[in-house]
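Residue strings, one per chain:
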Amino acid sequence: MATKKLRRAKLSQELCERLSRYQITTCQDFLCLSLLELMKVTGESYRNVQKLLRKVSLACAPKMQTAYEMKVRRSINPSAAFLPTSLHSLDKVLHGGIPCGSLTELTSPPGCGKTQFCITMSVLATLPVSMGGLDGAVIYIDTESAFSAERLIEIAGNRFPTYFDSDEKLFCMTRSIHLYRELTCDSVLKRIKSLEEEIISKKIKLIIIDSVASVVRKEFDTKLQGNLAERSNFLARGASLLKYVAEEFSIPVILTNQITTSLSNGLAIPADLVSPAHDLSLSEVTGASGSGKKESACVTAALGNTWSHSVNTRLILQYHDLLTRQIVIAKSPVAPFSTFFYTVEKSGLVLQVIHS
Amino acid sequence: MQRDVGSLPLSPALRARLLAAGFQTAQELLETGPCGLSKEIGISREEALEALQVVRQECAGDAAKTAGGSGSTRKCTALELLEEEQTQGFIITFCSALDNILGGGVQLTKITEICGAPGVGKTQLCMQLAVDVQIPECFGGVAGEAVFIDTEGSFMVDRAADIATACVRHCQLIAEAHQEEDHLQALETFSLESILSHIYYFRCRDYIELLAQVYLLPDFLSEHSKVRLVVIDGIAFPFRHDFEDLSLRTRLLNGLAQQLIIIANDHKSAVVLTNQMTTRFGQNQSMLVPALGESWGHAATVRLIFHWDNTQRLATLYKSPSQKESTIPYNITLLEGSQEYQDVSRLTSKFTGNLCPFLLVPVLHSFCPSC
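Protein chains in written order, with UniProt numbering: chain A, 1 to 356; chain B, 1 to 371.
Honestly, the hints are just simulated from the structure, not real lab data.
Mixed in with the good hints, there may be bad ones.
[Claimed, not checked] Heads up, simulated DSBU-like pairs for lysine-lysine below, C-alpha to C-alpha not over 30 Å straight-line:
(1) Lys39/B / Lys40/A
(2) Lys268/B / Lys324/B
(3) Lys268/B / Lys51/A
(4) Lys51/A / Lys226/B
(5) Lys71/A / Lys324/B
(6) Lys63/A / Lys110/B
(7) Lys63/A / Lys268/B
(8) Lys71/A / Lys268/B
(9) Lys110/B / Lys51/A
(10) Lys226/B / Lys63/A
(11) Lys268/B / Lys55/A
(12) Lys75/B / Lys51/A
Remember, it's a predicted structure, so these values are computed and weren't measured experimentally.
So here's chain A without its partners, still in its complex pose (with noise of 0.2 Å):
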């Protein structure tokens, strides 16, 4: 919207060539300007140039709905609001599942099940709507290389025993993952631009990037001067990008994350400006190792507080004991905070209740 040309927001045509000489052609350059720039520029009075900066506002502007023709909107496709992750429990505390048309973030230490349960996730966006999918394709973004077949297969079969009883519908269902191992920062950030695309003609409903901390983290090194600013320039463009995807076209999208120690040379973010959740992960991670002594230094998500912000839906998986592992609402605007204990196996994540 901001790129639109002047031309298409119908000024006049000699407007356009005089605002051209000075470099101005879209409705970005117009409306950065002060009024008194306006007026030098377009070489109009002020009246003028006030009814001129209506016309491009509104060429700009969104379009304005009410809260109830939303909810109307929402009430006629109930089913298309969420991905049910089929872990029951989860999944009535979060109003249905992972919501859809906007972010869900991942976040636990490694080897706590977060590729597993995205893959689990591929399997249930393609079943039909009638079993809880969404009937569509994938996008997988596989940064560290860590996605099996195998292992999908393995998911899909012993979960779905029933529907999956044939080669034919497996293999139907992994022709409808597409997967894309992009390395670099630069490649993702390509992938993500042309997702619009792919979305339309692959007929997708549901995208994975597995993970962004692992690109982020190593090419950015927040030690040095200005990578800090790069990194959160970098974050935040994606994030917009795939929020406007998400919304655009009504589909989930789930990252992941990793876990960081915060700054080890004294410097602490204090106890009260973190969320509990981050301060529940510190007991944990401190209860496994033995040691009882409570650090200063807290455990948090990675990739720092703006992209905090950018996500809607925060779950934080972490150890619990030897074999289990919990999963933990930290941020969502119809969830509080839950805990739900669960163990990875044959067919993915598994629910466990634990009595205490």
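Chain A is fixed; fit chain B onto it per the hints.
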């Protein structure tokens, strides 16, 4: 009348010609008349007439200002202002502690900024306010409508519907307790559909759309004169990336703040903005501070910071012209049937596993107009 020609809001080319021809004051222009002007400067008669109309309007405005009448600057005594402030309504948040520290609720004609870490409840409070602004006057509300400008995509219609249902239920309970005629009448039009239909939602994806929308807001508000609340959820998000020129960002933000103040005053509505927190590295520690820089801190009249203390959410009133700094605890609670009222003293910070549909109404108190 003696106004200098160079200060008139004419187009720059015309102004340059007038000055070159030797005109100095507005009086001279008016005396010359359109025909004389067009001959002297070499412009068409229509252009000369238009210019003279602008000049006349400006001078009339100046004269009115010097005579003490109402023009673009308003003049009144502090007593009139006091009376106005006392009769002004507040938008209640239904959290008595929060309303208390704000001095009654979110004030109209002022900009309130809510800062906080991710996940602390900023969007929840904005949705709550968008519903509470519509409470009818007999229940103590301002009976207005709401504009919700969303830059982050965090507005959830289902959640807003839940909050609206809870609010209607709450008002119904009050009406049952008091059994007054106007309460029951107001309840007929105060329903879930009407509440949701009066929340006007705009989704702005980048800062240009946000700027364009704010330029168009005064016209929108003139058409929808019952709007009493403008929420911009996420004023920081579009400005925090893709900006190499920080001075441009400061200029745009200042312009935005100016326009919002004008909107708040002219249309007697409250403007609520939510801001993010960013890390600032000090000598020995890093702190979380509100984003968008120091100069943005001046834009808002009232600033609330939401943060955590272990598992308890706290709200701190950080900046206010009339109330003192204080901190209160609050909770984002569930609302289901009889489990409605939760006293501040009985707040538990543990969330159990079996959770019902999740609603935001931080600490309800029995709201009664006579209290």
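Looking back at the numbered hints, which does the structure fail to meet, lowest number first?
5
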